[in-house]
Amino acid sequence: MKVRIGWLKDYVILHESPESIAHILLHLGLPAEDLTSWGPDYVLDLEVTVNRPDCLSHLGVARELSAWLERPLEPGWRSPEERTDRSIEEAVSVHIEAPDGCLRYVARVVEDVRVGESPAWLKDRLESVGVRPVNNVVDVTNYVMLAYGQPLHAFDLDTVRGGRIVVRWARPGESLQALDENTYPLTPETLVIADAQRPIALAGIIGGLETSVRPGTRRVLIESAWFEPRVVRRERRRLGLQTEASYRFERYTDPEMAPLAADHAAYLIQTLAGGRVPAGRLDVNLRPWSPRSTRLRYERVQQFLDVAIPPTWIEKRLQSLGFRVDRVQDGPTPVWEVAPPSFRADVQEETDLLEEIARHYGYERVPLTLPLTEKKVQPDYPGFHLERAARRVLQGLGLHETVSTSFYPDRPLEVFSVVDPLRVANPLSDQRAFLRRWIAMGLVEAAQWNHQRGVTDVRLWEIGQVFWDEQGLPREACHLGLILSGRDRPTQTWRDSTRPVDFFDLKGLVQTFLQTLGWRPVAFAPSSYPFLHPYQQAEVQVQGQRVGFLGTFHPRWTELYELRTPVYLAELDWDVLRTLPRAVPVFQEWSRLPAIIRDVSLIVPESTPYAALEQALAEAQVPELARWDLIDRYVGPQVPTGFLSYTIRLTFHPQAPRSSEEVDKRIQRLLADLSDRIGARLRTE
Amino acid sequence: MDWREFESTIARFREDIRRAIQDARSESDLQDIRVRCFGRQRGFLREQFKRMADLPPDLRPRAGQLLNELKEWLEREIADRQRRLQETHLEERLKQERIDWTLPGTPYWRGAVHPIQQVRQAIEDIFLEMGYAVVSGPEIETDYYNFGALNFPPDHPARDMWDTLYIHGEWLLRTHTSPVQIRVMQRYRPPIRVIVPGKVYRHDEPDATHAPVFHQIEGLVVDRGIRFSDLRGTLAYFLQRLFGPACKMRFRPSYFPFTEPSAEVDMSCLLCGGRGCGACKQSGWLEVLGAGMVHPNVLREVRIDPEVYSGFAFGLGIERLAMLMFRIPDIRLFLQGDVRFLEQFRVDTWAFRDDVTS
Chain A
354 MKVRIGWLKD YVILHESPES IAHILLHLGL PAEDLTSWGP DYVLDLEVTV NRPDCLSHLG
414 VARELSAWLE RPLEPGWRSP EERTDRSIEE AVSVHIEAPD GCLRYVARVV EDVRVGESPA
474 WLKDRLESVG VRPVNNVVDV TNYVMLAYGQ PLHAFDLDTV RGGRIVVRWA RPGESLQALD
534 ENTYPLTPET LVIADAQRPI ALAGIIGGLE TSVRPGTRRV LIESAWFEPR VVRRERRRLG
594 LQTEASYRFE RYTDPEMAPL AADHAAYLIQ TLAGGRVPAG RLDVNLRPWS PRSTRLRYER
654 VQQFLDVAIP PTWIEKRLQS LGFRVDRVQD GPTPVWEVAP PSFRADVQEE TDLLEEIARH
714 YGYERVPLTL PLTEKKVQPD YPGFHLERAA RRVLQGLGLH ETVSTSFYPD RPLEVFSVVD
774 PLRVANPLSD QRAFLRRWIA MGLVEAAQWN HQRGVTDVRL WEIGQVFWDE QGLPREACHL
834 GLILSGRDRP TQTWRDSTRP VDFFDLKGLV QTFLQTLGWR PVAFAPSSYP FLHPYQQAEV
894 QVQGQRVGFL GTFHPRWTEL YELRTPVYLA ELDWDVLRTL PRAVPVFQEW SRLPAIIRDV
954 SLIVPESTPY AALEQALAEA QVPELARWDL IDRYVGPQVP TGFLSYTIRL TFHPQAPRSS
1014 EEVDKRIQRL LADLSDRIGA RLRTE
Chain B
35 MDWREFESTI ARFREDIRRA IQDARSESDL QDIRVRCFGR QRGFLREQFK RMADLPPDLR
95 PRAGQLLNEL KEWLEREIAD RQRRLQETHL EERLKQERID WTLPGTPYWR GAVHPIQQVR
155 QAIEDIFLEM GYAVVSGPEI ETDYYNFGAL NFPPDHPARD MWDTLYIHGE WLLRTHTSPV
215 QIRVMQRYRP PIRVIVPGKV YRHDEPDATH APVFHQIEGL VVDRGIRFSD LRGTLAYFLQ
275 RLFGPACKMR FRPSYFPFTE PSAEVDMSCL LCGGRGCGAC KQSGWLEVLG AGMVHPNVLR
335 EVRIDPEVYS GFAFGLGIER LAMLMFRIPD IRLFLQGDVR FLEQFRVDTW AFRDDVTS
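Just so you know, the protein sequences line up as chains A and B, in that order. When you read off a place in the first sequence, starting at 1, and then add 353, the result is the number in our numbering. When you read off a place in the second sequence, starting at 1, and then add 34, the result is the number in our numbering.
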């Protein structure tokens, strides 16, 4: 809302600098986005919150200043000079047939006007606040709206058929060509102003072209009405048509202003465009406004704001803001009945009055205190601390945390074979209308973004919500995703070269992550995710429960996404994972005797997965065998075709001193066992 | 054999050995010397002890003393020489092991915590200390939780302050973290002290300062006798804990449907300290928080009696704070996953500051 300081001075005496006026208004809740000079004058561009439509006028802003500065407010209403020989009833009649949409309709008529250019002062005022002058009649309606906040409309009365104004709902099939020259189809939910035959204006939004005031117009009908905010809002949203009028009507206008504004407009038209005004105004007022008072307790003011404001100050300030204040209980902590003025529909209960008092007393004068607190009452959300721990662990493992958008185009849906996608009804762009089903969708996009920019070492993770549709209901869950691509170390060094990361780097990472947070045991099982390499993927299990997947992004899609290296993806269902019990470390005594280490190379049929060997080792239950590690895997000339060789490092933690022979005997037994179970035999050079 | 001969034999030997020890260049040289002196078969000392029998008995004690002195001297000299030889060898080995310590060290991967999370955590920590719980809620909400229960009249212009992305029917993507206020108050009775971090969604065209997806932190306190001054004090404390004791706060009236009185909270500009610069549009102030006292209608909606209880709520945009703290020029950088951006936050100073107190 643009406000000209010189204009404010019509209503309140101001000798403060424009900057101090802006400063006062800021502290009253009307911050200026901009302060610009206009000739010798200044214009403030005020941000007016939706609860304060009364400040969408110069008078409203002046009222705030007059209260703050404790100076009188002079609205300066004027009325036209009326004919005694002709009354308005002879010129027009007004009928409200839609009381749901319009509660008050005031009409004034000015006849024998000379439509022409407005005087310089009027054009200058309008232009200074960003309104284009049209002609003296239209300019007056705009001027009155900007001055007093009441949107007006002027009709060429000679084009209003039957001299009838009917406020009604539009009928099926009706349409209206508006002042903006667009023709709008109307619906039975459209509130219109009609004449005897047809709609002539969209109530509270825009007038019709045909009945508009133009050069040559002789008789002017001024409309000053109160329209139901929700009706205006609904319609202007349907039409996508925001006007100065609809902006005010949908926020609530002052019903008591309607007759005053009509009179003032008639007076101004008469002054600027000549003309004669038939006696009286038509004022159809279906529900006359009456004040609704609210109880205000001084005790509450004191307690709530923690300040001791003199009761008389409160009374005076509320009164100067237009409130009626009646003291119903005297004493050191009085109680009042306070009735807000007609232009303050936002004030409905005591708390709203507390804001008025705080606002004018000054938010900055309210002291700083802290609530008394004893202890934490509510629990943190489930998994909160675990999430923080995960963040630390993954940072330590050298992964960057990323955060992605939740919106994706169709392609990732296809790539990730999503069968239950959730779509946004009104997406920002049709390109990205779907909510993510997997965190991996964003991670793959991040990989693409980085690869395209020559950064192929991508080690990222993300935690966040994923979404899907379940029988028509939107669902969401928290997932944790990881992605690896590029090299196994940050850079080649003068000592070591790098190698590309692979599936096993990711597998080790996932295992380390899970184990570090205390989840045991971690296992892997066959899986068949269509977006992963069919022979390089696995399901991740914790305590026998499926918690996610890991694998190589399918080479077909790697190509489609123009990724420069293979990309490895893992995703864990965090909502499942976080509920699984986690092991607390329990101290275990170690053997005081030195460990005995033996390496054995085994030859097994090529088709034997390592897991089978591991299982056989576990089941053999060799006493004192504390751990085993696969230290070599070999296929080549020294191994017969159709076989491969695993070299296992066995570590024994003896309970008593053992001779070499004893250990060898155990290994012999183990080898016999492995031979029985999986057909393994010792490899001899 | 007379005494003189005995004495001179020893003196000669002593002189020979002294030279031999001096010339010894290795452990094996020393070993030869040891054999010459102490050898069981033909060691010098052994032989001289044997020869003592040829001396007159009254001279034998003196001879014994002489030989013992020699023995001690030999042992000392050889040990000395041995130590010196070892020292020399070590020095030579160390010389060979010389490295150019200016060569680069082995690089390790270093991960970064996303700046949004760093800021979020710094904020959470301040409120955790004050006994707040960190709570969360769904990102897909109903109209009721996002608007209705928060005192938004149906079809009211206040809804335009929050441009909404809809799923279907009543379902929408939450436009703020405030629906969690309702969920918390439905679940717990006062006293309530929570903060709510989370992702929120707006139908905003992305540009340098607007993103359709961003993050907020919401705070809610409900108890008997919570005052407007408590809100002011809490936020002043919070800002000073986060930005240091020099940080100033400014409260000015504003409007949110779910709070009354409502306030916009400004802090003195981080970059210019309040003198005025480009970041604060020369005003010296940065708008960082929206806040207010919980509207009685919101309390009534969750069956908390506003005559008995009162509360305050506040909310802030994490990206905006992060942009100020890290001087990030464009909000779109946060969600791009660009490694060149993310890796800049491997040093997370804001999350673990212990030098800021107020």
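It is possible that part of the hints are untrue.
[Stated by the list, open to error] Straight-line C-alpha distance at most 20 Å; calculated SDA-like pairs for lysine to any residue:
| no. | chain 1 | residue 1 | chain 2 | residue 2 |
| --- | --- | --- | --- | --- |
| 1 | A | 728 | B | 222 |
| 2 | A | 728 | B | 48 |
| 3 | A | 729 | B | 159 |
| 4 | B | 315 | A | 380 |
| 5 | A | 669 | A | 632 |
| 6 | A | 729 | B | 164 |
Keep in mind the hints are simulated off the structure, nothing from the lab.
Pair hint outcome, residue 729 of chain A versus residue 164 of chain B [Cα-Cα no greater than 20 Å]: holds (8 Å)
If you draw a straight line from the CA of residue 729 of chain A to the CA of residue 159 of chain B, is it 20 Å or shorter? The given pair, whose Cα atoms are some 13 Å apart, holds under the 20 Å limit.
Is it true that the CA of residue 728 of chain A sits at most 20 Å from the CA of residue 222 of chain B? Satisfied, since the Cα-Cα distance of roughly 15 Å is no more than 20 Å.
Would the hint linking residue 728 of chain A and residue 48 of chain B be met if the CA-CA limit is 20 Å? violated (87 Å)
Given the hinted pair residue 669 of chain A and residue 632 of chain A, is their alpha-carbon gap at most 20 Å? Roughly 39 Å between the alpha carbons, so the hint for residue 669 of chain A and residue 632 of chain A is violated.
For the pair supplied as a hint, residue 315 of chain B and residue 380 of chain A, is the alpha-carbon distance within the 20 Å limit? holds (18 Å)
The structure fails hints 2 and 5 (numbered hints given earlier, in ascending order).
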